[in-house]
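**Student:** Read off the chains here:
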Amino acid sequence: MAKVLMIHPDKCTGCHNCELACSFEHEGQFRPAASRVQAYTWEREGMTVPMMCQQCDDAACVKVCPTGAMHRSAIRANLVDWNEQVCIRCKMCTVACPFGNARYDAASSSIFKCDTCQGAPECVAFCPSGALEFVDDEQQVRSRKKAYAAKFREAFQEVS
Amino acid sequence: MFGWAGTILRVDLTKGTITREATDPKLARDYLGARGLGGHIVRSEVDPQTDALGPDNKLVFAPGPFTGTFAPSAGRFNVVTKGPLNGVLAASNSGGSFGPELKYAGYDALVIEGKAAKPVYLWIRDGEVEIRDAAALWGHNTADTTDLVRAETDEDAKVSCIGPAGERQALLACVMNEMHRAAGRTGVGAVMGSKNLKAIAVSGSGAVKVADPVAFKAAVMKARKMIQAHPVGGAGLKAYGTDVLVNILNQVGALPTRNYQDGYFPTADKTGGESLAAKQLVRPKGCFSCIISCGRVTKVDNPAYAGYGEGPEYESAWGFGADCGIDDLDAITKANFLCNEYGIDTISLGSTIACAMELFERGFITAKDTDGLQLTFGNTAAMVEMARKASTGEGFGEKLAQGSYRLAESYGHPELSMTCKKQEMPAYDPRGVQGIGLNYATNNRGGDHVRGYTIAIEVLQNGAVMDPHVTEGKAELDITFQNLTGALDSSGACLFSTFGIGGAELAEMLSALTGVDYTLDEFMRIGERIWNQEKLWNLKAGYTKADDTLPVRLLKDPIKTGPSKGEVNHLDQMLPEYYRLRGWDEDGVPTKAKLKELAL
Amino acid sequence: MTVKYFATIRTYTGEAARRIDDAPVDLRELLETLAGRYGTSFRRAVFEGGELSPEIIILVNGRNVLYLEGLETPLAADDEVSIFPMVAGG
Chain A
1 MAKVLMIHPD KCTGCHNCEL ACSFEHEGQF RPAASRVQAY TWEREGMTVP MMCQQCDDAA
61 CVKVCPTGAM HRSAIRANLV DWNEQVCIRC KMCTVACPFG NARYDAASSS IFKCDTCQGA
121 PECVAFCPSG ALEFVDDEQQ VRSRKKAYAA KFREAFQEVS
Chain B
1001 MFGWAGTILR VDLTKGTITR EATDPKLARD YLGARGLGGH IVRSEVDPQT DALGPDNKLV
1061 FAPGPFTGTF APSAGRFNVV TKGPLNGVLA ASNSGGSFGP ELKYAGYDAL VIEGKAAKPV
1121 YLWIRDGEVE IRDAAALWGH NTADTTDLVR AETDEDAKVS CIGPAGERQA LLACVMNEMH
1181 RAAGRTGVGA VMGSKNLKAI AVSGSGAVKV ADPVAFKAAV MKARKMIQAH PVGGAGLKAY
1241 GTDVLVNILN QVGALPTRNY QDGYFPTADK TGGESLAAKQ LVRPKGCFSC IISCGRVTKV
1301 DNPAYAGYGE GPEYESAWGF GADCGIDDLD AITKANFLCN EYGIDTISLG STIACAMELF
1361 ERGFITAKDT DGLQLTFGNT AAMVEMARKA STGEGFGEKL AQGSYRLAES YGHPELSMTC
1421 KKQEMPAYDP RGVQGIGLNY ATNNRGGDHV RGYTIAIEVL QNGAVMDPHV TEGKAELDIT
1481 FQNLTGALDS SGACLFSTFG IGGAELAEML SALTGVDYTL DEFMRIGERI WNQEKLWNLK
1541 AGYTKADDTL PVRLLKDPIK TGPSKGEVNH LDQMLPEYYR LRGWDEDGVP TKAKLKELAL
Chain C
2001 MTVKYFATIR TYTGEAARRI DDAPVDLREL LETLAGRYGT SFRRAVFEGG ELSPEIIILV
2061 NGRNVLYLEG LETPLAADDE VSIFPMVAGG
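Residue numbers (this note's numbering), protein chains in the order written: chain A, 1 to 160; chain B, 1001 to 1600; chain C, 2001 to 2090.
To be clear, the hints were calculated from the coordinates, so they are not data collected in a lab.
Any given hint could turn out to be false.
Here are the computed lysine to any residue pairs in the SDA-like style, where the Cα-Cα straight-line distance is at most 25 Å [said to hold, decoys possible]:
1) K11(A) / D1051(B)
2) K1118(B) / D1051(B)
3) K2004(C) / K1118(B)
4) K63(A) / D105(A)
5) K1279(B) / P2054(C)
6) K1217(B) / K145(A)
7) K1225(B) / P2054(C)
8) K1279(B) / A147(A)
9) K1026(B) / R1525(B)
10) K145(A) / A1277(B)
11) K1225(B) / K63(A)
12) K1594(B) / P1414(B)
13) K11(A) / L2068(C)
14) K1279(B) / G2090(C)
15) K2004(C) / L2068(C)
16) K1225(B) / K145(A)
17) K1270(B) / A2016(C)
Extracted from the complex, chain A is given alone in its bound form (with noise of 0.2 Å):
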């Protein structure tokens, strides 16, 4: 059984104290630009979607790293690890993500992508909405489809 971070859109409400929890985790203080995660705002739809590293099975940024910093972790399930000692910020990593979940920091010289907290996804913590959910991968999808098949539990009841 292994734990996916994920994410539900439709119930994010852009408050972005996700990018907020991040940043505090992993540097003690508030800079979203140091967020793992990234919530975008389209204003005129009054939509957010949250973005981070979905851990890939077959991971680009693991494929294409020449040190092997990034690779699937031993340790624990469904993880993209990075060696921070053997890493070379060549950046290869963010190049490859075609999803853009990887980043080089120049502050910090770091790359950035989500490590899932040692298990305990702060983000996760501090979504008001539900938005995030860290759960098993066989629950993942559970609330949205269970939230459908609940309107035919709705339709069928009055007519049985």
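Could you slot chains B and C onto chain A? The hints should help.
**Tutor:** Chains B and C only, in chain A's frame:
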């Protein structure tokens, strides 16, 4: 510095110069930020007799120490200036994301001085500040302005701007940020327009630092839990928005109806939060760091009033609704969208249209004055058309855009303007709720609810209950709310966090954040200081005890129908005690002893 | 008498209002009758440990029952009772 960013940015638009100064730690400690610190700057540097729309007025954008942190629902900023609507020390509060971005760019306050020769906008990227030509922006609504500015600066820049109403220096003009959030009242948008400043774009890559990260996080987690456990902060506001208040105010008989001619509107339910959720709500929205999400993303399908945007809030739904005798929520929401786009205060405009409707029905103005429109209560199409005209400045609309006081006075009937100190009263009838009437009358910026929101106790049962029909104990209640809110507004927190936490939790978080040891007493004293600071300004601006009053209608004409039928407001039973408890003399002037106590 | 429901209470009752022909003697009796009709979610919203829930606001003819007689507030045939969850705004 911890909490505070450490720098105040000054832009002189006359000279085109940009200067920086260090934030004075003592001032920051004693005035916090936002309303308090901004107010101190304006009070120190602007003469209360100055022309509010002249180059010597100053316009301050100031976040608070909480702004930019994850203190729950605490990402606010204030626009502080001499208010052109009524000459007070105006401070209009807004949410969204603009305030936090100012902090990340490194600023506790942005002070705008002078006047640009031609329309300009400011582009602030951390320490780099440019004054840029805004000719291509002038004339655009606030949403388009936001997109246009971002195209020239950074696509993720946070933008605060005026619409055409502010450009025209309409006295009800507001400043909008993130397209849908407003620093609404007292005409602060007109000041921005008078300086030829169309917009401010900010992008910040810096950090807000914390003195004691462990203690701060613990205090924040505790505060979050309290808000989330509260039925309102934790669920109610997200489900129904502020518009949920329509029905409860109506059911206690204190929903001002048809320009305060009555306090009960039989079809009010059609305009309330329940109806909004059923018919128009797309999704809830939260400001930066907010856990409450009272914002409404809304859509109107009815082709007559079609649109997509945010709101209406309770006040807006009332102003264009019951106050105008209107129960068509689609029309109300359309009027709200127009105000957001053109940058005009919904509370004051709704109330001004209502005033015009009463003038019309009484025959003091006719269709000749109102561009041929039958401006009667309940005429939905006329209301929306007048909201549009006030937004664009066409015909009679331009008169409406200056507020009901000047409107009613120009036709010889100032008694029909439902204002205190020339600012329109919000959506609570003081005849049905005694304490809010005392707040309207004594409020430093005139008709205002948020700075002394006694409704929380008198109607909403938030932690305590007081009978809205009695005057006993209301002076003390008002003072407590006014003081607490003075500090809260200056910290960057949102008023709605008080549906869950109080001054003690705010002081605890503030102490851990800033490293300054704030007790609850100290926090309240800061609020009291800020209240007195604004009062001192008003005295110099010419306001006297005679202005601490309510429209005669509310003192003499009882509510006609509904559960508060027969009631009037008994201000005279509350005001003397209010002055006494505040440590002011019988004329409402702060005594020397009180000022010394507050270090003013 | 008329009973009106607001905000989340409407989701428990499935309606916005109800006319009651046999006026109950007091508020407690009214709420017991309604709880019997609407079920557990309504009951839990209005009662807490046999007393009035602190998170409910009940008005009789516009007056909060907390400064009338609470659950013992007497009711008359032409009264209007409004039931709200705690709500707020600005």
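**Student:** Indicate, hint by hint, whether the structure satisfies it.
**Tutor:** How the hints compare with the structure:
1. Restraint check for K11(A) and D1051(B): the C-alpha separation of about 47 Å exceeds 25 Å, so the hint is violated.
2. With a C-alpha separation of about 20 Å, the suggested pairing of K1118(B) with D1051(B) holds against the 25 Å cut-off.
3. Distance hint between K2004(C) and K1118(B) is unfulfilled; the C-alpha atoms sit about 58 Å from each other, more than 25 Å.
4. Restraint check: the Cα-Cα separation between K63(A) and D105(A) comes to about 21 Å, which is no more than 25 Å; the hinted pair holds.
5. Restraint check: the Cα-Cα separation between K1279(B) and P2054(C) comes to about 30 Å, which exceeds 25 Å; the hinted pair is violated.
6. With a C-alpha separation of about 34 Å, the suggested pair K1217(B) and K145(A) falls outside the 25 Å cut-off, and the hint is violated.
7. Restraint check for K1225(B) and P2054(C): the C-alpha separation of about 18 Å stays at or below 25 Å, so the hint holds.
8. Restraint check for K1279(B) and A147(A): the C-alpha separation of about 21 Å stays at or below 25 Å, so the hint holds.
9. Pair hint K1026(B) plus R1525(B) holds up; C-alpha atoms about 15 Å apart against a cutoff of 25 Å.
10. At most 25 Å may separate the alpha-carbon atoms for a hinted pair to count; K145(A) and A1277(B) meet this at roughly 23 Å.
11. Distance hint between K1225(B) and K63(A) is unfulfilled; the C-alpha atoms sit about 43 Å from each other, more than 25 Å.
12. Restraint check for K1594(B) and P1414(B): the C-alpha separation of about 35 Å exceeds 25 Å, so the hint is violated.
13. For the hint pairing K11(A) with L2068(C), the CA-to-CA distance comes to about 42 Å; that exceeds 25 Å, so the pair is violated.
14. Distance restraint check for K1279(B) and G2090(C): the Cα-Cα separation of roughly 21 Å lies within the 25 Å cut-off, and the hinted pair is therefore satisfied.
15. Between K2004(C) and L2068(C) the CA atoms are separated by roughly 19 Å; this keeps the pair inside 25 Å, and the hint holds.
16. This hinted pair does not check out: K1225(B) and K145(A) have alpha carbons roughly 28 Å apart, beyond 25 Å.
17. Our distance criterion of 25 Å between C-alpha atoms is met by K1270(B) and A2016(C), whose separation comes to about 12 Å.
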